[in-house]
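*Asks:* Listed in order, the protein sequences are those of chains A and B. Numbered by our numbering, the letters in the first sequence go through residues 2 to 262 in order. Numbered by our numbering, the letters in the second sequence go through residues 118 to 461 in order.
Check the hints yourself; a few may be wrong.
What follows is a list of derived Cβ distance ranges for each label pair [to be verified]:
#: 1; chain 1: B; residue 1: GLU404; chain 2: A; residue 2: ASP214; range: 41 to 49 Å
#: 2; chain 1: A; residue 1: ASP30; chain 2: B; residue 2: PRO339; range: 29 to 37 Å
#: 3; chain 1: B; residue 1: THR208; chain 2: A; residue 2: ASP74; range: 41 to 49 Å
#: 4; chain 1: A; residue 1: LEU127; chain 2: B; residue 2: GLY402; range: 15 to 23 Å
#: 5; chain 1: A; residue 1: ALA168; chain 2: B; residue 2: THR208; range: 56 to 64 Å
#: 6; chain 1: B; residue 1: ASP232; chain 2: A; residue 2: ARG166; range: 48 to 56 Å
Selected chain A positions facing chain B (in silico; Cβ < 8 Å) [stated by the list, open to error]:
#: 7; residue: LEU16
#: 8; residue: ALA19
#: 9; residue: THR49
#: 10; residue: SER51
#: 11; residue: PRO216
Note that these hints are calculated values from the structure, not bench results. This one's a predicted model, so the numbers in the text were calculated from it and none came from an experiment. All C-beta atoms in this analysis are idealised placements derived from N, C-alpha and C, irrespective of residue type, glycine included.
One-letter residues, chain by chain:
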Amino acid sequence: MNHDAHRPSPRLLPLGDAAWTVEFGTSIDPALHGRVMGLAEQLRHARTVSDCPALASIVDVVPTFRSLTVHYDPLHGSGEMLGRQLLELAENAGQAATSGRRWQLPVCFDSDLAPDLDALAASKGLSRETIIERLTSTTFHVYMIGFMPGFPYMGGLPDELNTPRLASPRKAVPARSLAIAGEMCAVYPWESPGGWHLLGRTPISLFDAVDRDNPALLASGDEVRWLAVDRDTYRAQEAALASRTLARDSFLLAPEAAWTV
Amino acid sequence: MDGLIELIDGGLGNSIQDPGRRGYRHIGVAVSGTLDRPLAACANLLAGNHPDAASLEMRGIGPTLKVQHGPVRIAIAGQTRATLIRANGNTQPLAAWCSTTLDASDVVKIGAIADGVAYLAVSGGIRVAPELGSRATYQRAAIGGINGRAVQTGDTLPCSQPTQRDLREWRAEPLRHDDGPIRVIPGPQDEHFSTIAWFDFLNSAFVATPEMDRMGMRLSGPKLSHITPEAADIVSDGVTPGAIQVPANGQPIILLADCQTVGGYPKIATVITADLPRLAHWQPGQEIRFAAVDLTQAGQLLAAQMQQLAAWQNGLQAFLPPGSLDESALYNLNLVSGMVRAEP
Chain A
2 MNHDAHRPSP RLLPLGDAAW TVEFGTSIDP ALHGRVMGLA EQLRHARTVS DCPALASIVD
62 VVPTFRSLTV HYDPLHGSGE MLGRQLLELA ENAGQAATSG RRWQLPVCFD SDLAPDLDAL
122 AASKGLSRET IIERLTSTTF HVYMIGFMPG FPYMGGLPDE LNTPRLASPR KAVPARSLAI
182 AGEMCAVYPW ESPGGWHLLG RTPISLFDAV DRDNPALLAS GDEVRWLAVD RDTYRAQEAA
242 LASRTLARDS FLLAPEAAWT V
Chain B
118 MDGLIELIDG GLGNSIQDPG RRGYRHIGVA VSGTLDRPLA ACANLLAGNH PDAASLEMRG
178 IGPTLKVQHG PVRIAIAGQT RATLIRANGN TQPLAAWCST TLDASDVVKI GAIADGVAYL
238 AVSGGIRVAP ELGSRATYQR AAIGGINGRA VQTGDTLPCS QPTQRDLREW RAEPLRHDDG
298 PIRVIPGPQD EHFSTIAWFD FLNSAFVATP EMDRMGMRLS GPKLSHITPE AADIVSDGVT
358 PGAIQVPANG QPIILLADCQ TVGGYPKIAT VITADLPRLA HWQPGQEIRF AAVDLTQAGQ
418 LLAAQMQQLA AWQNGLQAFL PPGSLDESAL YNLNLVSGMV RAEP
């Protein structure tokens, strides 16, 4: 069993009679998230090797910053039994053994696509170029997908870019906007209301229901680097992606490949 | 054979739903689906369908529909008034909790939904293309249903014709939901609330506000205080329909079918599966009370609800609609035995 000061015991919290949340901690922390993904991995393995009805009753497994929520069908399995198994797996789960995928995603920083870039630069006393340099030299970690389908909460934003949300949220953020708030970075999959600072736009759709196997581009545990592209490249990629002559997977890096700077 | 229904008036607040979309919550896709699954099952069973077939969930003003290709069988479960206008102009009231077979050019006008939600089932279920494994409409991401939105005037609902031209229709007593407090399981963040807040939560009446939709309903009542101001925010974790979030203002929000998959407010308790269907019927201004149960009790209540639905299904009664010819009865009657003397 893994019990020490740095590894508090996971807690099993009831989320009604059809879900359990296994909580590893209360903060945003890559090590904590590694344990969340470690449990997700263990659970995936346990489900494939076991014919236990409690595990078979699982319908959704949702990793968040600090916990794993496991939704089950209460008509087809014992909640108590599932809870016991989850806690046992959680106590034995380490950091995720397999790392997430690595993406190098294009983003265009032209002013009309980045309405808050100049204001952020001014408020931080940095140049536009410095902000872009900071954003494109950071490896972002996808903690979870939520808020709306495909919306990635990505951590790792450099402290000097940490900024509170806009005082008055926009009624309509354009789809595919790269945005930051607090210590997070994200991309809005659709036009929607939103209060994050808009610093650029990517040509890639973050959610595509037609791609039934992988409707969301990013998954919890993935890593993302932004690659600045000029307007012509942005337009060409946007058109090629829309006509499906360019696959979203082409922005994946091989596991051993180096990030292009 | 195919049937086709045109909505010559889409009404208001009506969407195609089924039991919802599972297996996609880890990428932020809500479950969606019927707010009152047993009630939708009743409509489907009356129409001769599988209980989980896609039906039209009606939450405001019912639609007016016209049969383009028939016959089709329809059934309504819930509280509403409807009128049937036959192609020949004959007009009659159309009862809920009873199936009706419609022919081409027949029109049905469905009125306001009296208590929150009602379902219209059509033979074979509504056969729009499933998206991510479900026909449920999820408007926030424009997934499912018809272009991911509520139905509107001019939409058509593909369905099937009844498999045999069975003249019998089916009717049943309305399905009754339990009354009394809404039952909840404490947590996952009940420890973020003061003892007084927990006492108030279980011992006070809350009132449903007009702010309610398929994502959730806001309540007003005694302020449920967090143990500290910081305890009013958490680093987001998983949520589910029935979770009762309490933001810093102390006023609870009950999440419903279209709720997002993660949230940043502490959840004092979560409504049990068996009581989720009841929430769909709450009206603004109506009082709501809560009672805590444990996982075992929740399981018993859910099993009891399934038994109640099975008993309801056993109580389905066949009948012949007025004016129809009962061919089997005709064949069994000896119509010629009295015809010995034919003179006037």
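*Asks:* Indicate, hint by hint, whether the structure satisfies it.
*Replies:* Results of checking the hints against the structure:
| no. | hint | result |
| --- | --- | --- |
| 1 | B/GLU404 - A/ASP214: 41 to 49 Å | holds, 47 Å |
| 2 | A/ASP30 - B/PRO339: 29 to 37 Å | holds, 36 Å |
| 3 | B/THR208 - A/ASP74: 41 to 49 Å | holds, 45 Å |
| 4 | A/LEU127 - B/GLY402: 15 to 23 Å | violated, 53 Å |
| 5 | A/ALA168 - B/THR208: 56 to 64 Å | holds, 58 Å |
| 6 | B/ASP232 - A/ARG166: 48 to 56 Å | violated, 39 Å |
| 7 | LEU16 | holds, 5 Å |
| 8 | ALA19 | holds, 5 Å |
| 9 | THR49 | violated, 15 Å |
| 10 | SER51 | violated, 19 Å |
| 11 | PRO216 | holds, 6 Å |
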